[in-house]
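*Asks:* The residues making up each chain are set out below.
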Amino acid sequence: MENFLWIFISAMVINNFTLSYFLGLCPFFGVSSKIETAFRMGMANIFVLVITAVCGWTLNTFILPYAPYLRLISFIIVIASTVQFVEIVIKKLSPALFKALGIFLPLITTNCAILGLALFATNKGYGLLEGIVYALGAGAGLTLALVIMAGIREETRLMDIPEVIKGTAFNMIVAGILSMAFMGFAGLFSTS
Amino acid sequence: MEESKEASRYYEEFVKGIWKENPVFIAVLGLCPALAVTNTAINSLAMATATLFVLVSSSILVSTFRRIIPKEVRITTFVIIIATFVTVADFTLQAFVPKIHKDLGAFIALIVVNCLILGRQEAFSSKNGVRLAIADAAGMGLGFGFALFCLGVIREILGNGSLFDIPLFGPNYEPWVIMILPPGGFLTLGFLLLFFNWLKAYRLQKKEKQEKVTPLHPLSIQ
Chain Y
1 MENFLWIFIS AMVINNFTLS YFLGLCPFFG VSSKIETAFR MGMANIFVLV
51 ITAVCGWTLN TFILPYAPYL RLISFIIVIA STVQFVEIVI KKLSPALFKA
101 LGIFLPLITT NCAILGLALF ATNKGYGLLE GIVYALGAGA GLTLALVIMA
151 GIREETRLMD IPEVIKGTAF NMIVAGILSM AFMGFAGLFS TS
Chain H
1 MEESKEASRY YEEFVKGIWK ENPVFIAVLG LCPALAVTNT AINSLAMATA
51 TLFVLVSSSI LVSTFRRIIP KEVRITTFVI IIATFVTVAD FTLQAFVPKI
101 HKDLGAFIAL IVVNCLILGR QEAFSSKNGV RLAIADAAGM GLGFGFALFC
151 LGVIREILGN GSLFDIPLFG PNYEPWVIMI LPPGGFLTLG FLLLFFNWLK
201 AYRLQKKEKQ EKVTPLHPLS IQ
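Chains as they are written, first to last, in my numbering: chain Y, 1 to 192; chain H, 1 to 222.
Don't read these hints as lab results, they were simulated from the structure.
Values in this document were obtained by computation on a predicted structure and should not be read as measured data.
Quick reminder that beta carbons are idealized off the backbone N, C-alpha and C, glycines included.
Warning: the hint list may mix true and false statements.
[As the list claims (entries may be wrong)] Some chain H residues judged to face chain Y by a derived CB distance under 10 angstroms, without partners named:
{"id": "1", "residue": "F107"}
{"id": "2", "residue": "V112"}
{"id": "3", "residue": "N114"}
[Unchecked claim] Okay, the calculated beta carbon distance ranges per label pair:
{"id": "4", "chain 1": "Y", "residue 1": "V89", "chain 2": "H", "residue 2": "R203", "range": "51 to 59 angstroms"}
{"id": "5", "chain 1": "H", "residue 1": "L163", "chain 2": "Y", "residue 2": "P162", "range": "31 to 39 angstroms"}
{"id": "6", "chain 1": "Y", "residue 1": "V86", "chain 2": "H", "residue 2": "F169", "range": "32 to 40 angstroms"}
{"id": "7", "chain 1": "Y", "residue 1": "K99", "chain 2": "H", "residue 2": "F96", "range": "31 to 39 angstroms"}
{"id": "8", "chain 1": "Y", "residue 1": "L158", "chain 2": "H", "residue 2": "V130", "range": "48 to 56 angstroms"}
{"id": "9", "chain 1": "H", "residue 1": "G170", "chain 2": "Y", "residue 2": "G151", "range": "39 to 47 angstroms"}
{"id": "10", "chain 1": "H", "residue 1": "K20", "chain 2": "Y", "residue 2": "V54", "range": "38 to 46 angstroms"}
{"id": "11", "chain 1": "Y", "residue 1": "Y69", "chain 2": "H", "residue 2": "I75", "range": "20 to 28 angstroms"}
{"id": "12", "chain 1": "Y", "residue 1": "K99", "chain 2": "H", "residue 2": "V73", "range": "21 to 29 angstroms"}
{"id": "13", "chain 1": "H", "residue 1": "Q94", "chain 2": "Y", "residue 2": "G127", "range": "21 to 29 angstroms"}
[As the list claims (entries may be wrong)] In silico BS3-like cross-links for lysine-lysine, where the CA-CA straight-line distance does not exceed 30 angstroms:
{"id": "14", "chain 1": "H", "residue 1": "K71", "chain 2": "H", "residue 2": "K209"}
{"id": "15", "chain 1": "H", "residue 1": "K200", "chain 2": "Y", "residue 2": "K166"}
{"id": "16", "chain 1": "Y", "residue 1": "K34", "chain 2": "Y", "residue 2": "K91"}
{"id": "17", "chain 1": "Y", "residue 1": "K99", "chain 2": "H", "residue 2": "K20"}
Bound conformation, chain Y alone:
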């Protein structure tokens, strides 16, 4: 149990996917102008990440021992098609949920965070349950980063920022400071 908690916390704040691995930067800069949208994007991310963890584990256990050189190709194809399939099922079963997450799903299927999770979980040799917990943690971390970023951007929208800094440069510097703040979490476990 403690192990699972550690994996979760570590993936969420200490090795935050966006702020310390630079994964999923496209949504981080693209969809972070409103808290509401950012939160829904984060939820959609968690959803896809969990599916990815299950797919990755299945492939790693049953298929890839026979053909390790197919890892990348099979990861991408299987994850993309599974997400598409689940999307269709959700559309049928729960239109409300689909409406909340739907538009983000195709966007994030080929996101680096998704493939990154599958690869990192493989490198770390996680089992099925550990993989799912890792995915939940990573997703929670992404959501956290997205919501904080969106909050900062909402707050700074009306500020008097010099014209040259506005846009990507400003976001990038904010992200740098945010990432520095998250580095503080690195001492979370070594002291206790």
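Given the structure of chain Y, go ahead and fit chain H onto it with the hints provided.
*Replies:* For chain H alone, coordinates are given in the frame of chain Y:
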């Protein structure tokens, strides 16, 4: 005449990627590798070479088969082609430079999801001939490499006090460690973008000043 026009077209497609439409500094694409592996100059060079190889080879293949690939499944096809070349690059690096391969880790595999590569296939290679596609891909790849190299050099000098593992400042230099850690990536790129914005604004201002001056020319007053 026809031939020189053709040649200038190739040149144009090649050059635009390096500066005018630089994938990192102007279009802000492919950020994930641009920030993650540029903590030393040598790592960023390895990443740039791998990306250039994948980009050019998949552009050749995509533009060769552009009439055969069905429209409905083109993205999937592009991704499979890219993933194949990334696997090749991954295994090659592992065989020849195992240390760099270990440093870059999963990020070599993550070249697959670099939006720059898929973007060029969709926007250019699938619509143009093989030679034009090569010119475009090589230009974009070199532009990407140039940006990565800039970031890598700045971050290594500031964060480690060295360049290509050769110490620059002697033993009394206190390295600015944050620059080789993740926040340094964001900050360096942020300040570089800021610099380019400023440069652009400065040039525009200068141009406007010149244009304002011209009407005052004695002939135009009359």
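*Asks:* Are K20/H and V54/Y spaced within 38 to 46 angstroms by their CB atoms?
*Replies:* 44 angstroms, holds
*Asks:* Given the hint of 48 to 56 angstroms, is the C-beta distance from L158/Y to V130/H inside that range or not?
*Replies:* 51 angstroms, holds
*Asks:* Could one say that the CB atoms of L163/H and P162/Y fall in the range 31 to 39 angstroms?
*Replies:* Given range 31 to 39 angstroms: holds, Cβ gap about 32 angstroms.
*Asks:* Between K200/H and K166/Y, does the CA-CA distance stay at or below 30 angstroms?
*Replies:* 13 angstroms, holds
*Asks:* Hint F107/H vs chain Y: min CB-CB distance below 10 angstroms?
*Replies:* 9 angstroms, holds
*Asks:* Report holds or violated for the interface hint on V112/H, using the least CB-CB distance to chain Y and a cut-off of 10 angstroms.
*Replies:* 6 angstroms, holds
*Asks:* Given the hint of 21 to 29 angstroms, is the C-beta distance from K99/Y to V73/H inside that range or not?
*Replies:* Because 27 angstroms falls inside the window, the suggested range holds.
*Asks:* Please test the hint of 20 to 28 angstroms on the beta carbon pair from Y69/Y and I75/H.
*Replies:* 23 angstroms, holds
*Asks:* N114/H was flagged as interface toward chain Y. Is the shortest Cβ-Cβ separation under 10 angstroms?
*Replies:* With a minimum Cβ separation of about 8 angstroms from chain Y (threshold 10 angstroms), the hint on N114/H holds.
*Asks:* Mind checking the hinted window 32 to 40 angstroms against the Cβ distance between V86/Y and F169/H?
*Replies:* 55 angstroms, violated
*Asks:* Does the Cβ distance between G170/H and G151/Y fall inside 39 to 47 angstroms?
*Replies:* Given about 44 angstroms between the Cβ atoms, the range holds.
*Asks:* For Q94/H and G127/Y, compare the CB-CB distance with the range 21 to 29 angstroms and indicate the outcome.
*Replies:* Holds - the Cβ-Cβ distance for Q94/H and G127/Y, about 26 angstroms, lies within 21 to 29 angstroms.
Taken one by one, the earlier hints fail for this structure at numbers 6, 7, 14 and 17, listed in ascending order.
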